[in-house]
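Q: Sequence:
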Amino acid sequence: MVPKEKIDSILEGYDKDDITIATLCSHSSLQIFHGAKKAGFKTIGFSVSQDTRYYDAFPLGKPDELIRFQDYDEIFERAGEFTDRNVVLIPHGSFVEYIGPKKFEKLEIPCYGNRAVLQWESDRDMERQWITSAGVSMPRIINDAREIDKPVLVKYHGAKGGRGFFVAKDYPDFKMSIDHTQPYNIQEYVLGTRYYLHFFYSPLKQDGYKVSRGGTMELLSMDRRDESNIDELYKLGSQEDLKKHGLYPSFVVTGNVPVVIRESLLPKAFEMAEKIVNRSYDLFGGIWGPFCLETIVTDKLEFKVFEISTRIVAGTNPFISGSPYADLIYPGLSTGGRMANEIKGAAQENILEQILT
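For what it's worth, the working numbering labels the leading residue of the sequence shown as 129, then goes sequentially.
Because the hints were derived from the structure by calculation, they are not lab data.
Quantities reported herein were computed from a predicted structural model and do not represent experimental measurements.
What you were told as hints is all true, and nothing was included just to trick you.
Derived lysine-lysine pairs resembling DSSO-like cross-links, with alpha carbons at most 30 Å apart: (1) K428 x K338; (2) K170 x K144; (3) K170 x K134; (4) K428 x K396; (5) K283 x K403; (6) K231 x K283; (7) K283 x K297; (8) K234 x K170; (9) K132 x K231; (10) K283 x K432; (11) K333 x K403; (12) K396 x K333; (13) K297 x K278; (14) K132 x K170; (15) K472 x K231; (16) K432 x K403; (17) K403 x K472; (18) K403 x K231; (19) K333 x K170; (20) K333 x K134; (21) K278 x K428; (22) K338 x K132; (23) K333 x K144; (24) K472 x K170; (25) K472 x K144; (26) K472 x K134; (27) K472 x K338; (28) K472 x K230; (29) K234 x K134; (30) K432 x K396; (31) K432 x K333; (32) K234 x K144.
Let the sequences and hints guide you as you build the complete structure.
A: See below:
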């Protein structure tokens, strides 16, 4: 990983009144650029193979400048050019996935958030160690596929937008679908309703829902996911019969649906988020900014966290103009805008080194 001292040295040369926000043209970039522009920042969109013509249809979310690269390595080669322009990178799921978590850690451009979290998020075993050691419940792990005797969810490592996840009901079902070239884990399939909770932890803010280690926790929005054919496949009959015809369920996320949960569950949600943030400081120096707890709520009204995303998630995109939760804190503000405001405040206070790595 690029040493924190290196990033701090780069930041010493930044003009704090002339910061430019940059990210990859994908995932949640429209929201990120829109929020940054509202906060008064200049913006740059990076593109390697991404089609960017659609930005013309959304002028308020279009970056001020588009830079096309031959490949992702070129971003590394031109890092000095971007630090000369006071660039701050905003990571998102596609940005990190396309470059690769280990390579992203070495990119010598100041980045919002703690890059040390990437290895903990991208490795399912480390992710589980973090969440469970925080005292938060997760679905049970099955270590030996031959012991599968009820439905399980098999998940490959890394942020892939649900690609490659599959349900297996027994060992033969597992063998039919597994790709042994990728690391994976097997967890019990928990029946319940899936909710994706979009939190924002600020170590700088002091008013609001105070966290025991300092700073405040905010719940900005919440979504559910539309997932490729799994949401429609049931209409065609049993999965066993469909597999005989080469039709397999897919969990690839194709869209996001706004949602709110019953108010009595909010205390439990905040308690989980606080525990996970506190534990992150013990393990790897902390997590701040946006993160998403991907949860299942059972019919006993109990949460189980099946995954954490440690950056802005695409599920925040329905809330570019705010949400039922954000409107009770910052009316009309998106998660992209919340990040921009945090960076703007830190720049004005000359404490960017506290939130950039």
